[in-house]
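Please build the complex by placing chain B on the supplied structure of chain A, with the hints as guidance.
Protein sequences appear in the order of chains A and B. Going by the UniProt record's numbering, the first sequence wraps up at 415, each residue one higher than the last. Going by the UniProt record's numbering, the second sequence wraps up at 415, each residue one higher than the last.
Everything hinted at is true.
Remember, identical chains collapse to one label, so a pair may be satisfied in a single copy or spanning two.
Listed next, the in silico DSSO-like pairs over lysine-lysine satisfying Cα-Cα at most 30 Å (straight line):
#, residue 1, residue 2
1, LYS21, LYS55
2, LYS322, LYS338
3, LYS55, LYS31
4, LYS393, LYS190
5, LYS410, LYS393
6, LYS410, LYS190
7, LYS367, LYS410
8, LYS393, LYS322
Bear in mind the hints are in silico, worked out from the structure with no lab data behind them. None of the values given here were measured: they were computed from a predicted structure.
Residue-level listing of the chains:
There are 2 protein chains.
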Amino acid sequence: MALYVQKFGGTSVGTPERIKKVAERVGRFRKEGHDVVVVVSAMSGETNRLIDLAKQIHEEPSPREMDMLVSTGEQVTIALLAMALEQQGVPATSYTGAQVGIVTDQAHTKARIKEIDTDAIRQDLNEGRVVVVAGFQGVDEEGNITTLGRGGSDTTGVALAASLKADECQIYTDVDGVYTTDPRICSQAKRLESITVEEMLELASMGSKVLQIRAVEFAGKYKVPLRVLSSFEDNEGPGTLIIADDEETPSMEEPLISGIAHHTNEAKLTVLGAPDIPGVAAKILSPIGDNNIEVDMIVQNVSPDGKSTDFSFTVARGDYKKAQEILEKVVQEMGSGKVVGDTAIAKVSLVGVGMRSHAGVASLMFKTLAENSINIRMVSTSEIKISVVLDEKFTELAVRSLHTAFGLDKESQDS
Amino acid sequence: MALYVQKFGGTSVGTPERIKKVAERVGRFRKEGHDVVVVVSAMSGETNRLIDLAKQIHEEPSPREMDMLVSTGEQVTIALLAMALEQQGVPATSYTGAQVGIVTDQAHTKARIKEIDTDAIRQDLNEGRVVVVAGFQGVDEEGNITTLGRGGSDTTGVALAASLKADECQIYTDVDGVYTTDPRICSQAKRLESITVEEMLELASMGSKVLQIRAVEFAGKYKVPLRVLSSFEDNEGPGTLIIADDEETPSMEEPLISGIAHHTNEAKLTVLGAPDIPGVAAKILSPIGDNNIEVDMIVQNVSPDGKSTDFSFTVARGDYKKAQEILEKVVQEMGSGKVVGDTAIAKVSLVGVGMRSHAGVASLMFKTLAENSINIRMVSTSEIKISVVLDEKFTELAVRSLHTAFGLDKESQDS
Numbered sequence: 001m002a003l004y005v006q007k008f009g010g011t012s013v014g015t016p017e018r019i020k021k022v023a024e025r026v027g028r029f030r031k032e033g034h035d036v037v038v039v040v041s042a043m044s045g046e047t048n049r050l051i052d053l054a055k056q057i058h059e060e061p062s063p064r065e066m067d068m069l070v071s072t073g074e075q076v077t078i079a080l081l082a083m084a085l086e087q088q089g090v091p092a093t094s095y096t097g098a099q100v101g102i103v104t105d106q107a108h109t110k111a112r113i114k115e116i117d118t119d120a121i122r123q124d125l126n127e128g129r130v131v132v133v134a135g136f137q138g139v140d141e142e143g144n145i146t147t148l149g150r151g152g153s154d155t156t157g158v159a160l161a162a163s164l165k166a167d168e169c170q171i172y173t174d175v176d177g178v179y180t181t182d183p184r185i186c187s188q189a190k191r192l193e194s195i196t197v198e199e200m201l202e203l204a205s206m207g208s209k210v211l212q213i214r215a216v217e218f219a220g221k222y223k224v225p226l227r228v229l230s231s232f233e234d235n236e237g238p239g240t241l242i243i244a245d246d247e248e249t250p251s252m253e254e255p256l257i258s259g260i261a262h263h264t265n266e267a268k269l270t271v272l273g274a275p276d277i278p279g280v281a282a283k284i285l286s287p288i289g290d291n292n293i294e295v296d297m298i299v300q301n302v303s304p305d306g307k308s309t310d311f312s313f314t315v316a317r318g319d320y321k322k323a324q325e326i327l328e329k330v331v332q333e334m335g336s337g338k339v340v341g342d343t344a345i346a347k348v349s350l351v352g353v354g355m356r357s358h359a360g361v362a363s364l365m366f367k368t369l370a371e372n373s374i375n376i377r378m379v380s381t382s383e384i385k386i387s388v389v390l391d392e393k394f395t396e397l398a399v400r401s402l403h404t405a406f407g408l409d410k411e412s413q414d415s
Numbered sequence: 001m002a003l004y005v006q007k008f009g010g011t012s013v014g015t016p017e018r019i020k021k022v023a024e025r026v027g028r029f030r031k032e033g034h035d036v037v038v039v040v041s042a043m044s045g046e047t048n049r050l051i052d053l054a055k056q057i058h059e060e061p062s063p064r065e066m067d068m069l070v071s072t073g074e075q076v077t078i079a080l081l082a083m084a085l086e087q088q089g090v091p092a093t094s095y096t097g098a099q100v101g102i103v104t105d106q107a108h109t110k111a112r113i114k115e116i117d118t119d120a121i122r123q124d125l126n127e128g129r130v131v132v133v134a135g136f137q138g139v140d141e142e143g144n145i146t147t148l149g150r151g152g153s154d155t156t157g158v159a160l161a162a163s164l165k166a167d168e169c170q171i172y173t174d175v176d177g178v179y180t181t182d183p184r185i186c187s188q189a190k191r192l193e194s195i196t197v198e199e200m201l202e203l204a205s206m207g208s209k210v211l212q213i214r215a216v217e218f219a220g221k222y223k224v225p226l227r228v229l230s231s232f233e234d235n236e237g238p239g240t241l242i243i244a245d246d247e248e249t250p251s252m253e254e255p256l257i258s259g260i261a262h263h264t265n266e267a268k269l270t271v272l273g274a275p276d277i278p279g280v281a282a283k284i285l286s287p288i289g290d291n292n293i294e295v296d297m298i299v300q301n302v303s304p305d306g307k308s309t310d311f312s313f314t315v316a317r318g319d320y321k322k323a324q325e326i327l328e329k330v331v332q333e334m335g336s337g338k339v340v341g342d343t344a345i346a347k348v349s350l351v352g353v354g355m356r357s358h359a360g361v362a363s364l365m366f367k368t369l370a371e372n373s374i375n376i377r378m379v380s381t382s383e384i385k386i387s388v389v390l391d392e393k394f395t396e397l398a399v400r401s402l403h404t405a406f407g408l409d410k411e412s413q414d415s
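Just chain A, same shape as in the assembly (with noise of 0.2 Å):
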């Protein structure tokens, strides 16, 4: 018999009806014999709307009295649940996060776990019981209530998994587990068995919302089995399983890449002919980093004279205006460059621990997109990904073609 923590997100108990199909799931389990602990987010919508109250109230409300507003929202959520388990006839008790004692540091709204004390979730395992916590909260050691910030309930799940050496944490999401790419522009995306926590850290990064980053951080320093599965009635899988990568014994079997993720909400812009000199890059950067424009592939190339160099990055597609007029400030004052910049560009990225060991893999991802005709703007690459910039209307082709030629696709059988 094992030991589960199971958490389900908002939409998952968003109506006394849902939290009844999730009593029901989590009931099935219990009566398998296994011992859970389950962790739940706000009913969705709840959370927007306690903000809304604040927001009537303070334009910036103090970060302490905001956690001690939403926090309620989860408060809610764990007593209801608790409620439908017993009406199953499964004993249950709640806990909120400072009854369960997940003691935080003080960085209200965005306060990070330092300690677990799992003596009352044990007694009540012990007990027969199925436990309850809310999601998303703790608290300071002063007694203040905390938030984990928004997402944080994922955190909640995989730090309880770890403190209680649970077998699996398995969070219940929309989607029924993680793909080698978007099925809704790709039809043979395949779902995967298993992926290692750096492979989807960097699918996570990309743009893929299955899970929270930090929870798979987590999951990762602390060798938590994760899966992430369908919460819908209708899709019971196995989902995917989220496993810590451990380099010392790497599988014979292991693919060359998981996953491919594509982004389509960035911009791209350039300075041409900046000065090739130290301290060029800061001068560039810096204005736009004070403007708290985030910054994600930057890429500079060896000039071809000595002299001057060409500079680009990429930046939210929402801030390529502000970012464009403080470049133009910024060329001014050098003295010399241009600003030239892109809105329709996507960034498709290959990810994959296999690629460590496996030469190659860069030069199959350009060949197969120069057969497509696709114009590589910008590269940039990590350890375990190849990212690469194209003009945005190549999007679904590329994502496509290099499903394909990377072995991605389903088996025959399957489609």
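Using the frame of chain A, we list chain B on its own:
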């Protein structure tokens, strides 16, 4: 400079706008240099919304989970009020019942306060902060959230005032004080400057809904000066001060009676010709109690023939039919007696500690009613109260004529 505990109910904090108004009022006291602890209820409608959610999931939710659920209502209000105070430049900190150390017994949904740890509050007050405390809720010794039952916010206010030895506990309501009688049926009704705890208890038990009985009892027990006043901006008056009665120093000016209450939600039942033997009252009333019907007035006359007696009592009108059916069975079992009843009755009560030391209150009451051709159907007395039951249609006439006869009408310059 004084220390005030101020309690605002659900209507007073029903919207963000009204919460801002409360913050303005609290802020004015603070700016005059007073220390202020504010106790608030859930926003009006919120507790019912939460109970409705629970009922959609479980017909009889566990009391522990109900407390977990409904206690979020006040938690929302304390956060919003603290924000509203900060918005006005008044430093404020909010606390849940658990955080502020309101320790109760384990009687979920109707818990009683055992002790209050006021250290955190005192520290905040010393730092010049307004302390905002969630009413209605506490925590048991094992850390479970408890609630004091509906209206318990008044009790929280009085208990905090007692623990902090506050100069006054101010209960803000939708009326501007306690009146000699119901102003809706007697235009001569006067607001009382002050009233004793005992009188207030008698009035409260008579259906005067100004304050929760437990809160008044608490105020009496711990000698907390308690003031009822209006929460509405356009009605700022001194309200009514409820003072712990001190029998050793009676005021020379003590009025004969303080107020007249009336109650038209009862029904009268009589068993005529019951056998006048020991135990007959129990035989009649036990099955009534067994069916959870609360009995108010009970009157039994000496039997004229020494063999049979007439036994009368009143119940809530909603329980009349059920009580009648029960009595029919009782009469059948006893083998004698006849059940008669009346639902069109009213109870009118005179309340006043002054009547303790004054004879003649009853006779003036009966004389006044007789002069107005009002027949008395039942009489019951306590040390500071006389209640009579009469035909419902005479309610207003009885209240107005007694109001005049006992000298409670407004001074002529007021009218």
